[in-house]
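Engineer: Line order of the protein sequences matches chains A and B.
Here the first sequence is numbered in our numbering, starting from 1 and rising by one per residue.
Here the second sequence is numbered in our numbering, starting from 1001 and rising by one per residue.
Any given hint could be a false lead.
Said to hold, decoys possible - Simulated restraints on C-beta separations:
(1) A1248/B with G13/A: 42 to 48 Å
(2) R109/A with I1012/B: 25 to 31 Å
(3) L1298/B with A226/A: 37 to 43 Å
Stated by the list, open to error - Partial list, derived from the structure: chain B residues whose beta carbon lies under 8 Å from chain A:
(4) T1192
(5) N1197
(6) R1200
(7) A1202
(8) F1203
(9) I1204
(10) L1206
Hints are computed from structural coordinates only; laboratory data are not their basis.
All C-beta atoms, glycine included, are put in the ideal place defined by N, C-alpha and C.
One-letter residues, chain by chain:
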Amino acid sequence: MLEITGLHKSFAGFVAVNEVSLTVAERQIVAVIGPNGAGKSTFFNLITGHLRPDGGRVMLNGRDVTGIAPHRICALGMGRSFQLTNIFPRLTVFENVQAALLAHRGKGRDFLSRAEAMFRDETMALLASIGLASQAGTVAGVLAYGNQKQLELGIALASDPKVLLLDEPTAGMSANETHETIALLERIAEQRGLTLLFTEHDMEVVFRIAHKIAVLYQGRKLAEGAPEEVRANADVRRVYLGGHA
Amino acid sequence: MSARRIPWTLLIFLALLPLPWIGSRYQTFLGTEIAIDALFAVSLNLLLGTTGLVSFGHVAYFGIGSYVCGILMKTYGLPFVLAFPAAGLGAALFAVVFGFFCVRLTKIYFAMLTLAFSQIVWAVCFKWNAVTGGDQGIADVPFPNMHWMASLPYVGDLNINGRFYLLSLVLVAVCIAAIGQITRSPFGRMLTAIRDNRERAAFIGLNVRAYELSVFVVAGGFAGLSGALYGIFNRGVFPDYVFWPKSAEVMIMTILGGMNYFWGPTVGAFVLVWLNQEITNYTQYWPAVLGSILLILLFALPGGILGGLARGGAALRRLLAGRGDA
Ligand SMILES: Nc1ncnc2c1ncn2[C@@H]1O[C@H](COP(=O)(O)OP(=O)(O)OP(=O)(O)O)[C@@H](O)[C@H]1O
Ligand SMILES: [Mg+2]
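Same shape as in the complex, but just chain B (with noise of 0.2 Å):
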């Protein structure tokens, strides 16, 4: 069982990391928001696919995130080095009060509850213009420092754009690496007991509330962290960002992947922000074909790309078993 771990983490960062030299500048602007909407989506499959708990409002700790982040960096002059944690933690902070309320409900109700909260925020977001900015946003929120990164070799020659890729990727990765670890630790065992038989999961000794409480803030934490990279990335922080459409958009990037896997949602958000870009290219009816993804996935592909993949490469090597016994 354990002979053929791949690390998979790594090997995926690796991969990823010549971008900004090999890659075109629209290249590496696209994977920056793939690596930021992949951390966004393990995070909600944390609760999704873990857990079995389907938020409806993940997107109120990403917003929380990319304010809490933006707001240190712009209004207060504070260094991303002190935003970005603070990002996760504030983010966090908020999944224990909202979240509080949340586990005491299931199935649709904690879903329910779950969007209630991040309307909340939202329109908290839209209209405390002393602090938000209100529908104006917090614009301008600067880069992080970036200029130590000069003296490393091969990076120094990387405009802004280039840097910021490279160290979202890392922090990216540092963070899905944290989360595999959580998801394959004796906690993260416990969690997919629960997904599986809540009222068995009870009676091997597990306060349930308490699991999925703990699972609710860690994964509030990290898409705060998500949230955090985005307001820098986008040059600005947004009551978009914190609006419910972006709740659906990664919750359609994990399904579309597939949320059994633990590398689905980062598959679904690749895909999904490629064909918007593609599709916005030709067609302003992106909405339409998000929507038709949703039917195809729904009905052709019910385990996601990576579901489809493991049972077209299951066929196959059926396929090739029974030519070789023939």
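The following block holds chain A by itself, in its conformation from the complex (with noise of 0.2 Å):
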């Protein structure tokens, strides 16, 4: 589904992302774990073409999309959440999730109908299943930070993805919003046989819903396995899981 070789992003000599590789099946929960400023988050970036990477490639489904505009990786497939949360602050819940569906429909371009009632059901059915619903009418910007987080995988499963990456999915929430976000996560993988890749702080989530857990750190690709060899992993433990395992 995803394949990641050599990936390479350096800013001004400093190393982020130091040779990733990272191969991702087809409806596998995939976990990248690792301390702060291990590079998380700038290797989702080089891979949903935010930043161009220095070296390596990116395969989605066997075609090359290396460094290609979001705009193009997002058609072709893939969705994302970003770790500092990213909606439309000033457009409604409802209108939120509703321009992701007319972009992703290809309605964009149509200047000729009103927007206003267009895709009404679905996007309220979409909001349902996030539980934004009875805040369909609020400005988006003024919700709960942890809404705004369900609100923004609303956005990105509106696109239909086949993988979504989602970088901290559930950073600033409370246990009880962690618990529904990854309760929801699951469900909606499997109903819509989602391929996920994401990054997570929380390491019980991490231990139970990833598939295989890959650990960053400066940079590099210090272990990458199922959850029980990488808990087992000395390194692991030594730079990064500690006390948690």
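These two chains come separately, so use the hints to put the complex back together.
Structural biologist: So this is what it looks like as structure tokens:
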């Protein structure tokens, strides 16, 4: 599904991502973990076209997508959410998700219809599935932080992605919201046959839902494997897991 | 949501229609200028308020429109029915070329490049004597042929200025209605998404630059149409119409009225043109007054006039609701 080989990026001499390779199979749930500054977000930005890699290759379904524009990657079936919430703050919750649906269905260039009622049912259904139906009319920017994260997930899902990259999907959420969001992710991944690649600092979550874990440390991939393997890895315990596992 | 939609364009149009019969010559004259400026400001707001693109050079397309229309009608004797759409197309064409470069930049760099292009257009208009008349401009641009209006009921009684007011009002209303439709369309929704968050917009699958270029061209085209009317209204086309202060003026109109509201720019055009006329009767320091308006705007009325009214209305409702509860 997603095949990443030797991805490399440096910022003014500082190597943020160093020759990282990773393969994600269809319907696999893969976690990328590592301490702050390990290069996880940069790694994601390289995959989704926000940053142009200095070296390496990203293949999506056998197609080379290295360094192509985000809107094209999105059209090829890759969705993402961002570490810092990334929504349309002045649009309503409804309009946020509806905009993504309109764009995905190729209606973005239509200037002769009225947008207001288009895809109303689908938008509401999606909002219901992420638990935001009751807030449909709220301006997104005033939502609580956890709700904004949920909304971002909704925006990503509206593009009907095959692969979803989530950068700390539960950051800043309460324990309760984290629990709900993870349950939601598992459910949606199951229903839609999604492939998930995510970063997360909550090890409990990581070890519960990931099929495979990759550990980044100072830009390098330190370890990769099934959760038990990673948990047992001496290097990983030393640099990162520490007291967690 | 949709039940209480009010056809504002139609209502405002109907309310303004009788002006040449009930108003003085002077008021009809002001009304024409306000209508034309309103279209210019509404076209700018397609960039500013809808897409979040700050263009300091919108006057270029207004000016190009007025030159194209003026040159075609005066120099080549073409009728208004051809010269008017040609002005919009000409301005849109230039917007394609300039916009192609501008959308490659963002924020202040975008704004600076739009300004740079408008200054180039100004310099060309100022120097190219053979075509633009240089600093003398093009005087005596003729009125459109409006004899056909004589056969219309009531309209036949109006003088040429009254008729031109009606013609301008109709054309401006149609253009503003078209811009309103664009704003409310799926395309318009994409523009507001881009305004809110360019990065995220790219990741719902939008080619952000292509959208920005499209709206730049549309806005330029409508600015060109307003410029065409402006040249005829002033009976001539001059390099001032392409000079940057006019960009600043239309931006002040837009922000004064409220760029977050579709009708904000129109309200701003009305208030600014009217104030300008009133104040120049008393003092020659219009720029100082304009500066003061700007200060008040920035500190006391951040959402413009309509933003202030909306806040006032909300406060009043809260007050009334509070009293109802007590
Ligand atoms: N645009 C940039 N320019 C310069 N340095 C950058 C840039 N983006 C990231 N970095 C650096 O690259 C390193 C990796 O950053 P990155 O955000 O990928 O880490 P992370 O693993 O996501 O951390 P966190 O867990 O805190 O989110 C950091 O040291 C960061 O300072
Ligand atoms: Mg990060």
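Engineer: Each of the hints needs a verdict: does it hold here or not?
Structural biologist: Comparing the hints with the structure gives:
| no. | hint | result |
| --- | --- | --- |
| 1 | A1248/B with G13/A: 42 to 48 Å | holds (44 Å) |
| 2 | R109/A with I1012/B: 25 to 31 Å | holds (29 Å) |
| 3 | L1298/B with A226/A: 37 to 43 Å | violated (60 Å) |
| 4 | T1192 | holds (6 Å) |
| 5 | N1197 | holds (5 Å) |
| 6 | R1200 | holds (5 Å) |
| 7 | A1202 | holds (4 Å) |
| 8 | F1203 | holds (5 Å) |
| 9 | I1204 | holds (4 Å) |
| 10 | L1206 | holds (5 Å) |
The structure is inconsistent with hint 3 alone, although it conforms to all the rest.
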